[in-house]
Structure formats: structure tokens, C-alpha cells
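So the sequence lines, in the order shown, correspond to chains A and B. First residue of the first sequence? That's 1 in my numbering, and the numbers climb one at a time after it. First residue of the second sequence? That's 1 in my numbering, and the numbers climb one at a time after it.
There could be a bad hint or two in this list.
Think about it this way: if two alpha-carbon atoms lie no more than 27 Å apart in a straight line, the pair counts; the simulated DSSO-like pairs of lysine-lysine are [as the list claims (entries may be wrong)]:
hint: 1; chain 1: A; residue 1: Lys35; chain 2: A; residue 2: Lys20
hint: 2; chain 1: B; residue 1: Lys14; chain 2: B; residue 2: Lys2
hint: 3; chain 1: B; residue 1: Lys82; chain 2: B; residue 2: Lys2
hint: 4; chain 1: B; residue 1: Lys14; chain 2: A; residue 2: Lys501
hint: 5; chain 1: A; residue 1: Lys192; chain 2: A; residue 2: Lys99
hint: 6; chain 1: A; residue 1: Lys337; chain 2: A; residue 2: Lys326
hint: 7; chain 1: B; residue 1: Lys18; chain 2: B; residue 2: Lys76
hint: 8; chain 1: B; residue 1: Lys76; chain 2: B; residue 2: Lys47
hint: 9; chain 1: B; residue 1: Lys47; chain 2: B; residue 2: Lys30
hint: 10; chain 1: B; residue 1: Lys2; chain 2: A; residue 2: Lys501
hint: 11; chain 1: A; residue 1: Lys257; chain 2: A; residue 2: Lys108
hint: 12; chain 1: B; residue 1: Lys76; chain 2: B; residue 2: Lys2
hint: 13; chain 1: A; residue 1: Lys326; chain 2: A; residue 2: Lys298
hint: 14; chain 1: B; residue 1: Lys39; chain 2: A; residue 2: Lys501
hint: 15; chain 1: A; residue 1: Lys194; chain 2: B; residue 2: Lys14
hint: 16; chain 1: A; residue 1: Lys501; chain 2: B; residue 2: Lys30
hint: 17; chain 1: A; residue 1: Lys501; chain 2: B; residue 2: Lys18
hint: 18; chain 1: A; residue 1: Lys175; chain 2: A; residue 2: Lys108
Hints were generated in silico from the structure; no laboratory data involved. Since this is a predicted model, take the numbers as computed values, not measurements.
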Amino acid sequence: MDRDGVNNVRAAARRSKEDKKVLKKQLKASHTLLKHEGVNTSPHPSRSLVVANGGLGNAVSREDLSAALKQFGDLESLLMPPQKPYAFATYRSEDGARKAHAQLNGQKLESGGNAVTLYLSYVDSVKNEGEASVRFPEGLTLLEDFVSPEEEALLLAAVDWSISTEAQKALKHRKVKHYGFEFRYDNNNVDKDKPLPAGLPQECLAVLQRCLQDGLISVLPDQLTVNQYEAGQGIPPHVDTHSAFEDTILSLSLGAKAVMEFRHPDGRAVPVVLPERSLLVMKGESRYLWTHGITPRKFDLVPACEPRSAAPEPDVSSHSGLTLSKRGTRTSFTFRKIRHQPCCCAFPSACDSQGGNASCRPSPPSLPCCRGDAARLEEEYVHRVYDAIAAHFSSTRHTPWPRVCRFLSSLPPGSVLADVGCGNGKYLGVNPQLVTVGCDRSGALVQICADRGFHAFVSDALSVPLRTASCDACISIAVIHHFSTQERRLAAVRELVRLLKPGGLALIYVWAYEQEYNKQKSKYLKDHSKQHNGEKSTGVPEESREPHAEPNVLTSSRLESKHCGDLKDEGKLSVHTNRTAFNSQDLLVPWHLKGRKTQGDEESSCRFSSRGEPSPGSDSSTSSDSRTSPDSKPSPTADANQVPGGSAAPVFHRYYHVFQQGELEELCCGVNGVRVQTSYHDQGNWCVVLQKE
Amino acid sequence: MKLLTHNMLTSHVKGVTKGYPLLIKATEVKVNEVEFNPKFVCRMIPKLEWSALVQAADQLGHREELPGELVADYEKNEDFLKRVHRVLLEVEVIEGCLQCPESGREFPISRGIPNMLLSEDEA
Numbered sequence: 001m002d003r004d005g006v007n008n009v010r011a012a013a014r015r016s017k018e019d020k021k022v023l024k025k026q027l028k029a030s031h032t033l034l035k036h037e038g039v040n041t042s043p044h045p046s047r048s049l050v051v052a053n054g055g056l057g058n059a060v061s062r063e064d065l066s067a068a069l070k071q072f073g074d075l076e077s078l079l080m081p082p083q084k085p086y087a088f089a090t091y092r093s094e095d096g097a098r099k100a101h102a103q104l105n106g107q108k109l110e111s112g113g114n115a116v117t118l119y120l121s122y123v124d125s126v127k128n129e130g131e132a133s134v135r136f137p138e139g140l141t142l143l144e145d146f147v148s149p150e151e152e153a154l155l156l157a158a159v160d161w162s163i164s165t166e167a168q169k170a171l172k173h174r175k176v177k178h179y180g181f182e183f184r185y186d187n188n189n190v191d192k193d194k195p196l197p198a199g200l201p202q203e204c205l206a207v208l209q210r211c212l213q214d215g216l217i218s219v220l221p222d223q224l225t226v227n228q229y230e231a232g233q234g235i236p237p238h239v240d241t242h243s244a245f246e247d248t249i250l251s252l253s254l255g256a257k258a259v260m261e262f263r264h265p266d267g268r269a270v271p272v273v274l275p276e277r278s279l280l281v282m283k284g285e286s287r288y289l290w291t292h293g294i295t296p297r298k299f300d301l302v303p304a305c306e307p308r309s310a311a312p313e314p315d316v317s318s319h320s321g322l323t324l325s326k327r328g329t330r331t332s333f334t335f336r337k338i339r340h341q342p343c344c345c346a347f348p349s350a351c352d353s354q355g356g357n358a359s360c361r362p363s364p365p366s367l368p369c370c371r372g373d374a375a376r377l378e379e380e381y382v383h384r385v386y387d388a389i390a391a392h393f394s395s396t397r398h399t400p401w402p403r404v405c406r407f408l409s410s411l412p413p414g415s416v417l418a419d420v421g422c423g424n425g426k427y428l429g430v431n432p433q434l435v436t437v438g439c440d441r442s443g444a445l446v447q448i449c450a451d452r453g454f455h456a457f458v459s460d461a462l463s464v465p466l467r468t469a470s471c472d473a474c475i476s477i478a479v480i481h482h483f484s485t486q487e488r489r490l491a492a493v494r495e496l497v498r499l500l501k502p503g504g505l506a507l508i509y510v511w512a513y514e515q516e517y518n519k520q521k522s523k524y525l526k527d528h529s530k531q532h533n534g535e536k537s538t539g540v541p542e543e544s545r546e547p548h549a550e551p552n553v554l555t556s557s558r559l560e561s562k563h564c565g566d567l568k569d570e571g572k573l574s575v576h577t578n579r580t581a582f583n584s585q586d587l588l589v590p591w592h593l594k595g596r597k598t599q600g601d602e603e604s605s606c607r608f609s610s611r612g613e614p615s616p617g618s619d620s621s622t623s624s625d626s627r628t629s630p631d632s633k634p635s636p637t638a639d640a641n642q643v644p645g646g647s648a649a650p651v652f653h654r655y656y657h658v659f660q661q662g663e664l665e666e667l668c669c670g671v672n673g674v675r676v677q678t679s680y681h682d683q684g685n686w687c688v689v690l691q692k693e
Numbered sequence: 001m002k003l004l005t006h007n008m009l010t011s012h013v014k015g016v017t018k019g020y021p022l023l024i025k026a027t028e029v030k031v032n033e034v035e036f037n038p039k040f041v042c043r044m045i046p047k048l049e050w051s052a053l054v055q056a057a058d059q060l061g062h063r064e065e066l067p068g069e070l071v072a073d074y075e076k077n078e079d080f081l082k083r084v085h086r087v088l089l090e091v092e093v094i095e096g097c098l099q100c101p102e103s104g105r106e107f108p109i110s111r112g113i114p115n116m117l118l119s120e121d122e123a
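Only chain B is shown next, with the shape it has when bound in the complex:
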């Protein structure tokens, strides 16, 4: 699971109102090399929940000096964009789980894939 995906995921357990962002508990993390596309990263940034991204990166120990808040003029800051690219698209959780911050319910991540299925009474 990449952090881009994590940034979009939320807990959907019935009754939970503060299910975002999910906490990451990783037991295996990998870093891949992914082609850097600055334009793409630029376009992605406004769609992200920045604080959630930073928190997630932190939990994985891959914060890489990401600022707590978005800097102005980031479009031209290639260095910054590269950092974002790395955190969003290159860092990958292979094994672990995602935890709902409100209910504590854990969703397993296995072979890089989060399984968000709920049981009948949780849906």
C-alpha cells in the first residue's frame, strides 16, 4: 500500500465519525523506484490531505523532512516535489495493518494490499 492510497482511505466502520486518517502499523516497508513526474506530483498535491500524509510518513519513519504545512510556491521547488514523490509513490507498506482511530478496528495489509472488508455487523 502506498501512501497515496492511504491518504484516500478512511475507516467505514458503522457509527464511526472520525475514521480518518487511519493509523498505520507496518511490519514490513519497502521503498521502490518510481519514475518521477513533477507535473503529476504537482497536480496531486492539492488533492491531498497534507497533514494526514505527514503523519503517515512519520509513522513509517519516512518523513524525510517533509514540512508540517505546505510551502508556498511548491510547484517550482523540485527538491520538495521529489520528496513528496518519494513519500507518496515510492514508500510502500507490504505487511502490517491500518487501524481505525476511533474504534480501534484493524484492517490487515498483506502483500501490499489493504483488506478493508467489514463483517456483516460492522457494515
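Bound-form chain A, shown alone:
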């Protein structure tokens, strides 16, 4: 036998009987799955193989896969259909294919930081899916090598990121800086009356002159937005507001390339690779009608045979010559001219001046980039909501959490306690031996406290009108998760600490991202067991799952696992589905407002299951009663809600930033003069007890 043959045999013999059995089973499963994809495997050796799990959809790069395959023979072609979890390899000779089949089957391949197990099967032929060349949107031009590397360095250096806000740093949000005029994210428009003092950086002048000379623009832009995207960051699809800016918009890409997606209202999508140092010119339809966005991800699919990139061997090229390109940090300089007259473009449907649906941008807000935006977001999605739902909300918050009660009962009699964010006063009366005062941002909720005979006033948690070091203890139960920036959350903790006397204690509860802890689902999740929509809870990471279970032979894409199912784009707030695991940390949680019927409440609660005394409808959050019912989705155990006009019940959305494990502690460590005494997880919340030094 020739050397290879001996090796083959040895390799085969190395596999134990058990391994062979497992491999056989997995291969069978792979055949079944591939069949669903329209790929028919064959038991007869041929020159072509399908490599299951060796696809672009598995984050496997062409380079890595072809390197692994080429060990066994000359590859004639390698076809990697985009987003698919498999690839097709055709060898020049059947021998190569056989060797690959024998040696690679069941073996692990490392690519891009991931390890996949490859399963190879013969195929009779390989369908060649040539991709029709896609045309650019009308009005769009891409000019490569628009600036030199020296100019690129100069421009990048011109931006001082050191004064980015803590919010931007902590949020892992793309970094944004405006020059000329401030762009506001709450209304997606510009403050035309408040030009920024500095104007555009000097370093941009040369580039802009070049644009003028080349006839790309006829007027110098007066607004610049610099965006810096790290791998994994993006910007949701949008049209630049018509009324804010004139027609031509210039976008210079520096530092790294990325793929920008253009989408037409009719559904057509065009991915455009923006190489480093290229200038994208958006005019007309591409500027006014198509949305553009950058999907937040760490890899892009780009053509494999780019003219300037290192040319791969010709025999490995194929019609669908795509490969994965890892993202670097890309900085874009977007130059625009402020529009002072209403827009009169030819695309009224997308035009805010002409009464069109200017929300090609979906209605959920973005995460705020500055204090003003944060305050506005919270006004809209926290304060306004609580004031509207106060009575209903209060009716669902009647059982104090035991561990909070324990804390309160442990305080010496006569202690002065401040409940910052007291809501309906649930905790104000727990320990009558304390001197307790509560405050809340919602006048309606404070009124409920007063009606109950508690001492309370209306104030903001960021600025509590109590003297420094006047309290023996403070509690903040389910409050800080309503602040929309890291800065504000930190400020809220600082304020609590300020109130404490030396040695004083603060108890903080915030909603946890991890609703399942120690394999115990929180009550928030438990009530939803039947309606689980197939999304994983945050428990076991996918990587650790062994491919023994059949359905997992073809591991699905992990590229965008962050975004599976949910409609979130980075920076945008997604609307959460009540009683499911959280997909992101910043979200809007629905509240279905049910009117209070005098007796109706009592009656409907009798009809529900033995889970106890639920309230009519709505979600539950941290301080909720453990026995609240599921939200207005029909529950398998309860009768449909009999509230008249229930289907038309108004839905409010409350903003939450749910905390990851350790995040609350870390936040508290950012405060001087205080020490974390205890930290724990309690029914879907992360909790700390702080002591002031």
C-alpha cells in the first residue's frame, strides 16, 4: 500500500468502535438535513463533496477551508453559498475527494476563533449558482482611493475621542461626534439655530475642495458627523432626514472596510462594500428613498477576488467568489449641507417636508448619546408611562419582596430610611419602627402613598432633596434600571450614597438580564413555559453543546446569534416579549393597561389558576408580586381576559436597562467611599447592599 493508504488505514483504525458508530449516526443526520436544503448526497465516490458545517453560514472562511481541503489533492473549485452551513468542494481527481472524505470526516476545523466539526459526503454534481451582478441604487457612486493613506491618518487623528461620554464607552455603542451642527437622535433632525462653535475640522478642507473640484458637490458642506464602528457595531437602516440636509451626502470610509446595505421600499437589498479610503456619494434616489445601514456584526461577506487584495490561486475561484472579511474599526466622515428650506424632492413618500412617512426609520427610539436625549427618552418611556398606569400598576404591586423586608426589619428602630423610587409605597410601611420617607418621580404614584398615610414627595432620583448624610439607610428597589445611560445609573447610586450617614446601608435591586439563575427560572419566566417561542434562555452557550443530538449536526450560524429572532439593531431599542428571556440589555417592556373595574378584578382573579391572585393583565417586573398573571396573551391556564374592549387595551412601553451579572457591583465600585457588603440574585434581580465608609 502506498504511504497515504497506510495513513488512511491508520486514521480509520484510530477511531474506536464507538466513534465510528457516532460518526455514522451524525452522517445520516447530515444527509437528511442536506436533503432539506435540496442537496442530494450520494453513496458513490465522486470528485465532488459536500462539506457540512464548512460553510460561510458557520463563520468558516474560504481560506481556512480550502487550506484544509488542499491537503488531500488539487481542488478544482470551492463553492461557498452565502449564509449556508455547507460548502461544495470539487477535486481534480476522485482520489483527492476520497482522501478528504476519509480523513476529514468528523474532524474539527478551526476558523475565525470558532471550531466546527466537518461532515463530508459525496455529491453527484455541484450546482453552480452564479450571482447576478447587482446594480447600485440610482444616484449612488463609490470612488475608491479617494484619499491617500497619509490623508487618512491625518483625518483620523483630527478627531478627539477622549471627550466621548461615559455612556458611549460603557454602552459599547458606536462612537459619534458632530461638527458644525448638532444632530439630535430623538427627532433625527438638526438644531439649525444652534451651530456648534468649532465648525468643521481644518483637516477636512483638502478633501472637500477635491469634492468641489471633481464636481461631486457644488456647495461646501457645513455639517460633519463622524462615526466610529468597532467590529460588532453598526447603525440601523435609515434615510437621512430630508428636511435636515440637502441632496448630496458624502461619506468617507477610513480605517477599515465594511459592508453597507441599501434597501429599497420594494424590498430590494444591495450590499455595497465600502473599502478603506473610499468616498461614497449619495444623491437622488439613493439618498432620498433607499435606506442605508450597517448590520452590527464582526464579519462581512465580501467578494473573494478583489482586484487589490492578494489574489487567491485561480483554481479555487468560483462564481460565487465570496469570503468572510473580519471587520476592523471603521471611521466614517459624513459630510452634509444643512437645508434651510423645506425639502421638495421627488420622493414625497419618504419626505418629512412633504408629509411622507419619514419613519423609514422604525419608531422605537435609539439609545441616547447625551444627557438631553436620555432625559427625553426617560420622560417618554418611564415617567409619562408610570403616571398613566399608576393605579393599575399599584394594584399589581402589593406583596413586598421577602428579602427586602428582611433588610428593612434588620435596621435598628428609629433609623431614618429613604425609599428612593418608592412607587406605590409598598415598602414604606414594612417596618413601622423606622422613620421612613419615600420619594418617586411619578406624582400619581406618590399620591397613592399619601392616600395610604405614608410620607412621600415627588422628586427625581438623580437629585434627592434630602440633606447629605441624613439617612441611616436607603433602598432603591427596581429604579436604577430605568436610567438610560451608564452615567445616569452611576449618578443615581452616588445620590443614594450621598444620603447615607457613615456606616449607613443602601439596598439596590435592579432587573437582571439573566432571568434564569442556578438553573432556576425566575417567576417572570416560569409563567410563560407553554409559550416559549424556541429562543434559548441565556443559560448554556451554544458552543458547549456537543453535537450528539441530531438536530445540531449542522450547527447554525453563530455570526449574528445576538440578533436571532429579535428585530433589534445595535443602538435601537427592541420591544421585549413579556415573560421570555431577554435578548438585549436595553429594551422597551410592554404594559397592557387594563381598566379597573370595581368588582371585576376580584371576579376575574377567581377564574385564574391556582397560581394565586394575579392581577388583570400586564407584565411583571422586579418588584412585582410573584403571583401576577401572564400578560394579555392568552394563557393556557387562565381564561381569556374578560375586560370589555380588552383587545383595544392601550399598550405602554417602559424603558429598561437590564443588568448583567456583576454589572451592578461594578457600577457601585465606581462610587467612592462605599463598599459592596453583599451581592446576590433574587428572583430575576441583581441586588447589592452597600455600606458607606
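Let chain A serve as the given structure and place chain B on it in line with the hints.
Frame of chain A; chain B shown alone:
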């Protein structure tokens, strides 16, 4: 708003250093009956700013012969404790406002609840 609450409140207008105690301008005052708990009142007294309490009670016309300074041995003085109880827990401002002694900024009291919210530029 009861005077116990008032005793804890301070003006938090930006830049103000002498924001305590807030002046009370009441247009409607009520006196409720609240169960007297001498132990509780005893424990509260050391936590109070006594002069601020007296001043506040004065402004409301409910001083009730409270002494300008704490008497010694007040723990055993039930009469005294009852007076304190009344002023602290039974007298209630229903309508009016609280005024920052330094800036003059007024915080409304409505339906017994003080609204201490500041606008963005005051915070």
C-alpha cells in the same frame, strides 16, 4: 406634607449652599389624629433638627409651646412627647409651597404632596 417630612427636606437648587430649612407658606393646613407612640417619638427626636422643627411649627401657627431648645430628660416627659407627636405627625400642610431660603425658588405642595422636581437648568 407633615413636619417630619419637612424636617428632612432641603433645597437642592444648583449652587445653593444654605437651602435648609425650607420656608413653609401654607394656604391650607389640616390636623389629623394619629396614634401616639411615645417610644417612636423618643427615637425620632435625636434624628431631628430641632430648631428647624420649631421654626416650621411657628410658620404654621402650630408651635404649641414647643421649647426653642430640647429639654433634658424629655424621654420621660409624656406631655412634651405628645406635643412633639402632634407637631411632627398630626399637623399637615395640604396646600401651599416650600421656599428655598437662598434662591427664593418655590416648590408647590398640592394635596399634601410637595413636588420637589427641578427643571433641567436648575438641577
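Results for each hint:
| no. | hint | verdict |
| --- | --- | --- |
| 1 | A:Lys35 - A:Lys20 | holds (22 Å) |
| 2 | B:Lys14 - B:Lys2 | holds (25 Å) |
| 3 | B:Lys82 - B:Lys2 | holds (16 Å) |
| 4 | B:Lys14 - A:Lys501 | holds (22 Å) |
| 5 | A:Lys192 - A:Lys99 | violated (68 Å) |
| 6 | A:Lys337 - A:Lys326 | violated (33 Å) |
| 7 | B:Lys18 - B:Lys76 | violated (35 Å) |
| 8 | B:Lys76 - B:Lys47 | holds (18 Å) |
| 9 | B:Lys47 - B:Lys30 | holds (24 Å) |
| 10 | B:Lys2 - A:Lys501 | holds (23 Å) |
| 11 | A:Lys257 - A:Lys108 | violated (30 Å) |
| 12 | B:Lys76 - B:Lys2 | holds (24 Å) |
| 13 | A:Lys326 - A:Lys298 | holds (6 Å) |
| 14 | B:Lys39 - A:Lys501 | holds (23 Å) |
| 15 | A:Lys194 - B:Lys14 | holds (25 Å) |
| 16 | A:Lys501 - B:Lys30 | violated (33 Å) |
| 17 | A:Lys501 - B:Lys18 | holds (20 Å) |
| 18 | A:Lys175 - A:Lys108 | violated (38 Å) |
Checked against the numbered hints above, the structure violates hints 5, 6, 7, 11, 16, 18; every other hint is satisfied.
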